[in-house]
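285 is the number that this note's numbering gives the last residue of the sequence shown; the numbers go up by one with no jumps.
Note that these hints are calculated values from the structure, not bench results. Idealized CB from N, CA, C, for every residue including glycine. Careful, some of the hints might be misleading.
Pairs of lysine-lysine, PhoX-like flavour, derived with a Cα cap of 25 angstroms [said to hold, decoys possible]:
1) 184 to 236
2) 66 to 181
3) 66 to 50
4) 236 to 181
Just the calculated beta-carbon pair ranges, DEER-fashion [to be verified]:
5) 260 to 95: 26 to 36 angstroms
6) 263 to 60: 39 to 49 angstroms
7) 108 to 197: 31 to 41 angstroms
8) 181 to 125: 28 to 38 angstroms
9) 126 to 247: 12 to 22 angstroms
10) 224 to 50: 17 to 27 angstroms
11) 196 to 56: 18 to 28 angstroms
12) 64 to 260: 50 to 60 angstroms
13) 210 to 261: 17 to 27 angstroms
14) 216 to 157: 23 to 33 angstroms
15) 173 to 103: 18 to 28 angstroms
16) 177 to 126: 17 to 27 angstroms
17) 245 to 219: 15 to 25 angstroms
18) 200 to 260: 39 to 49 angstroms
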Amino acid sequence: MTDTSSNMSDASDMSKIAISSDAQKAQVQDQFSRTAEGYVASFSHRTGKDLTRIIELGEWNSQLKALDIATGGGHTALAVAPHVAHITVSDLTPRMLEKARAFLEEQGVTNADYQIADAEQLPFADASFDRVTCRIAPHHFPNIAQSVREVARVLKPGGLFLLIDCMAPSDAELDTFDNKVEKWRDPSHGRSCTSEEWEQFFTQAGLHIEQEEFFRRTHRYDDWTTRSQLPTNEKVALEQFILSSDERIRHYFEVVVRPDTHLDSFSNDFILLKGRKISQQVGQ
2 MTDTSSNMSD ASDMSKIAIS SDAQKAQVQD QFSRTAEGYV ASFSHRTGKD LTRIIELGEW
62 NSQLKALDIA TGGGHTALAV APHVAHITVS DLTPRMLEKA RAFLEEQGVT NADYQIADAE
122 QLPFADASFD RVTCRIAPHH FPNIAQSVRE VARVLKPGGL FLLIDCMAPS DAELDTFDNK
182 VEKWRDPSHG RSCTSEEWEQ FFTQAGLHIE QEEFFRRTHR YDDWTTRSQL PTNEKVALEQ
242 FILSSDERIR HYFEVVVRPD THLDSFSNDF ILLKGRKISQ QVGQ
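Using the sequences plus the hints, can you model the full thing?
Structure representation (structure tokens):
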């Protein structure tokens, strides 16, 4: 459809986008203020080969300054801290950051500072960090492309961004199902992006992709919905939605049903990207 709106209409649309963005961030803060303890304790967040891969791919040394964005329970920061001179641990939600700090200090981390930070408006100067990490969080960001641009801005030339997040399938039907289920379980969910979208975000921000990996995670339905504090009636309704989906969808997401006919588990896709900030942008 051709856009024939006036400048005033465009301004109104932008205002609506801003309000929507602010509303989603408020949802994120509400969700993770209520569930902070659960995410610190979450076995699936505390463990995983993806954490190991961050260390294997990060080209770490004891002179580096690192930033962990949307730290959640602080598990990525905990993995990175022994390999750098200093790490800045950040999150949008004050209570989540408070719980992450307590967890990290309990684990003996002493080379960290803690900052409330919006991933789309990072409160740091240009070229401040040698490494930036962000794990299992961008699907909550209203404007993921902007968050990647901010990563590129605060990275030093030649610095690395290590990103891990849930990933939507490139198939439109599977994408729609995946994001509907995630949003149903957690209203603060924005969008799980496809690999093609992620590649575009990195490239447009001036980050050269040096490594791209795909893996799956299996979620126990009861634990997965308990962690997000999904109300019982919604938990039942979401379970029925998943179980009644087309066979092709159930097969793709590896839906497992218990002998009592209740949903046991399902699996979904994740992406890992390693991007290096291009030292000199074309045309500069």
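Could you check the hint for me, namely that residue 210 and residue 261 are 17 to 27 angstroms apart, CB to CB?
-> violated, 45 angstroms
Does the Cβ-Cβ separation between residue 177 and residue 126 fall within 17 to 27 angstroms?
-> Distance hint for residue 177, residue 126 is violated at roughly 40 angstroms.
So the hint says 17 to 27 angstroms: do the beta-carbon atoms of residue 224 and residue 50 match that?
-> Given range 17 to 27 angstroms: holds, Cβ gap about 19 angstroms.
Could you check the hint for me, namely that residue 200 and residue 260 are 39 to 49 angstroms apart, CB to CB?
-> holds, 42 angstroms
Satisfaction of hint between residue 181 and residue 66, Cα-Cα up to 25 angstroms | Violated, at about 38 angstroms.
Could you see if the CB distance from residue 126 to residue 247 stays within 12 to 22 angstroms?
-> Given about 50 angstroms between the Cβ atoms, the range is violated.
Holds or violated: residue 236 with residue 181, Cα cutoff 25 angstroms?
-> Satisfied, since the Cα-Cα distance of roughly 14 angstroms is no more than 25 angstroms.
Cβ distance range 26 to 36 angstroms for residue 260 and residue 95, holds or violated | violated, 44 angstroms
Holds or violated: 31 to 41 angstroms for the Cβ distance of residue 108 and residue 197?
-> Since the Cβ atoms of residue 108 and residue 197 sit about 37 angstroms apart, the hinted range of 31 to 41 angstroms holds.
Assessment of proposed distance window 23 to 33 angstroms (beta carbons of residue 216, residue 157) | Cβ of residue 216 to Cβ of residue 157: about 29 angstroms, so the range 23 to 33 angstroms holds.
Has the hinted range 50 to 60 angstroms been met by the Cβ atoms of residue 64 and residue 260?
-> The hinted range 50 to 60 angstroms holds for residue 64 and residue 260, with Cβ atoms some 56 angstroms apart.
With a cut-off of 25 angstroms on the C-alpha distance, tell me whether residue 66 and residue 50 pass.
-> With a Cα-Cα distance of about 23 angstroms, the restraint between residue 66 and residue 50 holds, given a limit of 25 angstroms.
When held up to the earlier numbered hints, the structure conflicts with 2, 5, 9, 13, 15, 16 and fits the remainder.
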